[in-house]
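There are 4 protein chains.
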Amino acid sequence: MIRAAVLTAPGKLELTSFPESAPPRDGAVLRPTHCGVCGTDPHMYSGHLAVAMPLVMGHEFAGVLEGWGPDFPARDVYGQELRRGDAVVVGTTLSCGSCYYCRFLPQRQNLCQDVNIYGITLGASEPPYVRGGYSDLLYLFPQTWLFKLPPGLSLKLAALADPIACGTRALERAFAPGMPWAGEGIGLGKSVVVQGLGPIGIMTGAAARAMGANPVIGIDRIPMRLEMARRFGFDEVLSLAELPGVGDRVRVVRSLTRGLGADVVVEMVGLPPAFAESLQLVRKGGRVVEFGHFTDNGTTALNPQDIVNLDVDILGSYAYPNAQIGTSLAFLSRYSESYPFEDLVTHTFGEADTEQAIEASRDKLCVKAMVVSES
Amino acid sequence: MIRAAVLTAPGKLELTSFPESAPPRDGAVLRPTHCGVCGTDPHMYSGHLAVAMPLVMGHEFAGVLEGWGPDFPARDVYGQELRRGDAVVVGTTLSCGSCYYCRFLPQRQNLCQDVNIYGITLGASEPPYVRGGYSDLLYLFPQTWLFKLPPGLSLKLAALADPIACGTRALERAFAPGMPWAGEGIGLGKSVVVQGLGPIGIMTGAAARAMGANPVIGIDRIPMRLEMARRFGFDEVLSLAELPGVGDRVRVVRSLTRGLGADVVVEMVGLPPAFAESLQLVRKGGRVVEFGHFTDNGTTALNPQDIVNLDVDILGSYAYPNAQIGTSLAFLSRYSESYPFEDLVTHTFGEADTEQAIEASRDKLCVKAMVVSES
Amino acid sequence: MIRAAVLTAPGKLELTSFPESAPPRDGAVLRPTHCGVCGTDPHMYSGHLAVAMPLVMGHEFAGVLEGWGPDFPARDVYGQELRRGDAVVVGTTLSCGSCYYCRFLPQRQNLCQDVNIYGITLGASEPPYVRGGYSDLLYLFPQTWLFKLPPGLSLKLAALADPIACGTRALERAFAPGMPWAGEGIGLGKSVVVQGLGPIGIMTGAAARAMGANPVIGIDRIPMRLEMARRFGFDEVLSLAELPGVGDRVRVVRSLTRGLGADVVVEMVGLPPAFAESLQLVRKGGRVVEFGHFTDNGTTALNPQDIVNLDVDILGSYAYPNAQIGTSLAFLSRYSESYPFEDLVTHTFGEADTEQAIEASRDKLCVKAMVVSES
Amino acid sequence: MIRAAVLTAPGKLELTSFPESAPPRDGAVLRPTHCGVCGTDPHMYSGHLAVAMPLVMGHEFAGVLEGWGPDFPARDVYGQELRRGDAVVVGTTLSCGSCYYCRFLPQRQNLCQDVNIYGITLGASEPPYVRGGYSDLLYLFPQTWLFKLPPGLSLKLAALADPIACGTRALERAFAPGMPWAGEGIGLGKSVVVQGLGPIGIMTGAAARAMGANPVIGIDRIPMRLEMARRFGFDEVLSLAELPGVGDRVRVVRSLTRGLGADVVVEMVGLPPAFAESLQLVRKGGRVVEFGHFTDNGTTALNPQDIVNLDVDILGSYAYPNAQIGTSLAFLSRYSESYPFEDLVTHTFGEADTEQAIEASRDKLCVKAMVVSES
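Protein chains in written order, with this note's numbering: chain A, 99 to 473; chain B, 99 to 473; chain C, 99 to 473; chain D, 99 to 473.
Each hint should be verified, as a subset may be incorrect.
Simulated crosslink set (SDA-like; lysine to any residue; CA at most 20 Å straight-line) [what the hints assert, rightly or not]:
(1) A/K462 x A/T393
(2) D/K382 x C/G183
(3) C/K382 x D/C200
(4) B/K382 x A/T393
(5) D/K382 x C/D212
(6) C/K382 x D/N214
(7) B/K110 x B/E453
(8) B/K382 x A/Q211
(9) C/K382 x D/Y198
(10) A/K382 x B/I215
(11) C/K382 x C/G357
(12) C/K110 x C/E453
(13) B/K382 x A/C200
(14) C/K382 x D/V213
(15) C/K254 x C/G183
(16) D/K382 x C/G357
(17) C/K382 x C/S431
(18) A/K382 x A/G345
(19) C/K382 x D/S196
(20) A/K382 x B/C197
(21) D/K110 x D/Q454
(22) B/K254 x B/A450
(23) C/K462 x C/T393
Some residues of chain A that are not near chain C, with every Cβ distance over 10 Å (derived) [to be verified]:
(24) G195
(25) S337
(26) H445
(27) V470
Examples of chain B residues toward chain C, derived with CB under 10 Å [to be verified]:
(28) G177
(29) L269
(30) G310
Treat the hints as calculated values from the structure; they're not laboratory data. The beta-carbon is built from N, C-alpha and C at its ideal position, and this holds for glycine as well.
Whole structure, please, built from the sequences with the hints as guidance.
Shown next as structure tokens:
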């Protein structure tokens, strides 16, 4: 039997057993060992983000390949041969391949009009049932993006690939048009502000630093996060407790950026006033990346004149294309000694405690919560 | 004596005489023959946009060079020698050359932190007094961008260079990152919506068509403008009278764009709800250019989630760098037979009637109003 | 029986009969009505470009859908439902979907490491045999990119979609980084030189003009082509007969571009000295697109200092991703009244005369040769 | 009296005395304390690169402001007030401000058509004579780009700003179009090869690493340089002695890049065969930056088909715009503890030994040679 945490109704997450079955002809079976709690999980759990139920949640997972059917393409996305027992991380998005975006903007397959995502859209009402990471076994489709772990990378760190992909893709939106030699886009010595220092915000700042940004400035209200951000290379962290007024924060950011405002501001709070603040933190001709509002948190008053006067780019970033997981792995491998990735996962939970993990994440009691299999 | 229309107080524009003087050592004297009424002129006139007074207004002018002092560089910006009597159009912005933007982002000299603009910031309280286009003689600084008219181009059309520069620069903001072959940026067959069909809006659509966009769709409420837009190559014009609801307009735009929304939306109305509508008209991964809000017209409610879900670029465009006037002249020369530029100027006024010209523009009684010297 | 022109050995193209079969479960059957002769066809025919034989050649085809098996996805790439008898044009490249380029640079699927192309790599040794356009019936794979013809577009013009895709993709390579407002990339009033005025070169210049380039200058040696280029909107055509020296041509191009050289030069001759000449025709900071050398025509002496001094971008363009066919159709539809596309096809041949068509193309006796079915 | 090393004829560099004069009204006087030997200095010295003589050479200098005339703008390029005794580094290029490039592509002022450069074009035949860094006092023009040293940065390191500007600008050419999330341009985890590990090559690799590149691979033949490159963060260095064949180096680079070739190759050797090799080292769709050939070192055989097949960008990089010095200072400040910048300067010379310094650089006996004032 397979054990999995199943969302059966809003607020109701139950550990359930499912029958184990042989992998389908073109499918594979994975034993997820680590599954991070995403910021959207509490929204699904609470019903704020509607999903089809029953659902085995969990979409930030890494694990071990247990087996596959004869038609499963046993290669990872780089063409590396896969063997039973191999540790892999999974790009959890399945784009349709035939909609307008998949055909004509394939680099933006994150915009696929008929997408499926493990742990979010793939419900548990039909065999083989388990398509989410809060489980001890799950079933993979043949077109799934599998990435064999690079040498030396642990499954725990690999399970951070999804939030790092979110963060790096958001940041990389600000690179266009790629002329840092003319002040256009990110490059050496460009200033970056990250608003909101959850796991994705911290990874974004760490990545910005790793790409040459200077200074990297973080803003949050939770001391544990501010402290963690410092450990991940932020040059300055601004505490909402100490700088409660927007004007205060703007003043500090300007003082760190020759009075101009930041070259790049990445909004990762997800509350409308934070977006309004972005436009005060950025310099003229700079770039604001809006990532935080994955769910609907209402509106803010915007004066479009600010956009005109700033001659600014405001760049939405929605999730990421699967290829970005490759960037995550490159990042984790390169900086595993510079950054304390292990410590980012401040709280781990057993599979039986998935509900607590989600609640701890919801209540912001941890930086990153992760569900880990007892094996 | 020089005659000029002088703003002495909000709502008070007087025809005044100033003493004529020899050109300064490093300056020149221009006889402006045509000066367009810009959409900002009524804002200055009414006091909505604060300016130093007294002020000779008028910043969309072309004219004839009357003479210059011995140290004036008698070449246009392309290095062409200038002679007395030459017809020129003037890039009316004087950037400082030494602020952060002038130094480190010189391609964005429109962001100059210490800018002067003929007819806007250069008041008439000190000799030689006249620095605006609503006059029969004005004085030029040595660093002024002068463009000799291309063969066959009339001074009247040349006076359209400023609004065309505004429009083309706004549109060209949407070209980045320049990969139309991958659906990124403008190219052949990309759909463009222009909201607001004043002179700049119409020129923007005409330019979009001239750059291969298809379809080019315009939205406005004034029949005269809708009709003019059709004459300038718009494929479709949507009348607010006929399609009063946002949802109606969204539906039509989608029906013209494979159900997706437009690749590019350029907001040139300058009213906050129009900006909010932009985000409903654009496709996912598309580009919204916000140009219309040159002045403060208040706020609109924005849900940042829309920006995220759309994975969109929102690009502010503030005025233009002087080099863009070169684009205007290239556009006017190339398409003078395809487009009825003469007819865009629906109303002309004598210098003595400058006030009426501004009021007619304010009251949207014309497409383009222009003050023309009686000589 | 299906009739098809089969390459059985270099220089040997035979009209052969193949048994007709029902469409495979997931395949379709097309009746190609028009198939253009590509510049590479003579290279395959002569053995200069090695291909697996026997081979039904022809990869620039449009035709009518005759039927399909139950698992064939009967929608075109825009999601439009397909019906028997529908006229379609075919994106003839089948990328593998799983190599590095297909996964990590899907916008460059033209670089697929395991590609198949109708009429080039898909041989005729196994059923259903016919996978090329010089035939009266051919078989399509399920993942084939089908484009339903836009209203009013003839199959004959649609068969030009492939060379137009080659040309527009090459030209669009020069748009990056998409800041025409700062002189970076193509935009209104940018000067474009096209070296080599075969069908692709002419289409490239026509597209450049349609995207606002000015002037558009062509260079070739064949009077028929020079004349045709003029009809497709080139502002100037330079005849190698009249301007035999490179220096002569450079002088003329500079005289048309303020003494600077062209903003963009597209090399479509395919002879090494033409590439060397590109670097003399382009301005500093401009863009050279190298497209012509699809086959190996040897080397030229290059001084890398020229690349440094010019601060230039040299951009290779290899074929095109299938999405570019959409651009072709948009172009054909938009400009079918501005440009004499019909006349570009100077010579048509019956299927029985495919060999002559290829030889006429090889000997440059025509602008565009096309094989047309007698039905 | 001012002492300066003057080039009076090819191969003849003499220590000469010039009269000291008060700073001109709008000029300033600088005491250069450190002046690096650029790779072009030996070319000027030998006569390979023609310059007007007599000439005080030296264009990589930092020093102390001694005084200025009343009209000298006593602010650095960031607007910081300057005081006598301030340590500054000088952007040694003076662009004309009025040519086509200065006006229409001001972000490429390195292409200025009427440029002057301290130590290269500004001869010593007229008062105040000394305009080069191999001197103990020199005179500055008012429009000179001065950068006050950031806190903690020594004059010695600041004198590295010029080669770092060369290297980072070259590297930053490869960032366009700024979509690392789609594999287009540089970003986290992109592979970079630097051919030629002189001071600029080493700084380029160090900067690439600092911008997230991985792996960073260097190629050279001189053991001292290879060793230094390792100390500056290169992941792999390939010795021409150990890998004498191009094929060997290609094989190793491919083995480090999933068999594909590098995302970015920067050619900094300046010998034609190195450029030819670039095209073998780069992956399809990648970027080659050609920087090395600042002087004429002859030609290499190029097959343009390689450019087509690779769908590659080849990007020339000529010197740098002055703004790039700001990037250098940001780089030096940020990484002064990560990288052993001091040690890059393997050899220092007194002013009297300037000739030896240039010869040592010519003979590649040092990594970086620098002339240091004895004060």
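Hints, verified against the model:
1. Our distance criterion of 20 Å between C-alpha atoms is met by A/K462 and A/T393, whose separation comes to about 17 Å.
2. Between the alpha carbons of D/K382 and C/G183 the distance comes to roughly 40 Å, so the proposed pair goes past 20 Å and is violated.
3. Straight-line distance between C-alpha atoms of C/K382 and D/C200 comes to about 12 Å, which keeps the hinted pair within the 20 Å bound.
4. Distance hint between B/K382 and A/T393 is fulfilled; the C-alpha atoms sit about 17 Å from each other, no more than 20 Å.
5. In summary, the hint linking D/K382 to C/D212 is supported, as the alpha carbons are separated by about 14 Å, within the 20 Å threshold.
6. Annotation: proposed proximity of C/K382 to D/N214 holds, straight-line Cα distance about 18 Å (limit 20 Å).
7. Distance hint between B/K110 and B/E453 is fulfilled; the C-alpha atoms sit about 9 Å from each other, no more than 20 Å.
8. A hinted pair counts as satisfied when its Cα atoms are at most 20 Å apart, and B/K382 with A/Q211 qualifies at roughly 10 Å.
9. Taken as a hint, the C/K382 and D/Y198 pair is honoured in the structure, with Cα atoms around 11 Å apart against an allowance of 20 Å.
10. Between the alpha carbons of A/K382 and B/I215 the distance comes to roughly 19 Å, so the proposed pair stays at or under 20 Å and holds.
11. Between C/K382 and C/G357 the alpha-carbon distance is near 11 Å, which keeps this suggested pair within the 20 Å criterion.
12. Taken as a hint, the C/K110 and C/E453 pair is honoured in the structure, with Cα atoms around 9 Å apart against an allowance of 20 Å.
13. Under the criterion of a C-alpha separation no larger than 20 Å, the hint pairing B/K382 with A/C200 is consistent with the structure, at around 12 Å.
14. Of the supplied pair hints, the one linking C/K382 and D/V213 holds, its CA atoms being roughly 14 Å apart against a limit of 20 Å.
15. For the hint linking C/K254 to C/G183, the alpha-carbon distance of about 16 Å falls within 20 Å, and the restraint holds.
16. Between the alpha carbons of D/K382 and C/G357 the distance comes to roughly 35 Å, so the proposed pair goes past 20 Å and is violated.
17. At most 20 Å may separate the alpha-carbon atoms for a hinted pair to count; C/K382 and C/S431 exceed this at roughly 36 Å.
18. In summary, the hint linking A/K382 to A/G345 is supported, as the alpha carbons are separated by about 17 Å, within the 20 Å threshold.
19. For a cut-off of 20 Å, the pair hint linking C/K382 to D/S196 stands: about 16 Å separates their Cα positions.
20. With a C-alpha separation of about 13 Å, the suggested pairing of A/K382 with B/C197 holds against the 20 Å cut-off.
21. With a C-alpha separation of about 12 Å, the suggested pair D/K110 and D/Q454 falls inside the 20 Å cut-off, and the hint holds.
22. Straight-line distance between C-alpha atoms of B/K254 and B/A450 comes to about 18 Å, which keeps the hinted pair within the 20 Å bound.
23. The hinted pair formed by C/K462 and C/T393 meets the criterion: a straight-line CA distance of about 17 Å does not exceed 20 Å.
24. A Cβ of chain C approaches the Cβ of A/G195 within 10 Å, the least distance being about 8 Å, so the stated non-interface status is violated.
25. With a least beta-carbon separation of about 38 Å from chain C, A/S337 lies farther than 10 Å from that chain, consistent with its non-interface assignment.
26. No Cβ of chain C approaches the Cβ of A/H445 within 10 Å, the least distance being about 34 Å, so the stated non-interface status holds.
27. With a least beta-carbon separation of about 29 Å from chain C, A/V470 lies farther than 10 Å from that chain, consistent with its non-interface assignment.
28. Checking B/G177 against chain C by beta carbon gives a least distance of about 8 Å; that is within 10 Å, so the hint holds.
29. The interface hint given for B/L269 holds, since its Cβ lies 9 Å from the closest Cβ of chain C, which is under the 10 Å cut-off.
30. Interface restraint check: B/G310 against chain C, minimum CB-CB distance 4 Å, threshold 10 Å, status holds.
Checked against the numbered hints above, the structure violates hints 2, 16, 17 and 24; every other hint is satisfied.
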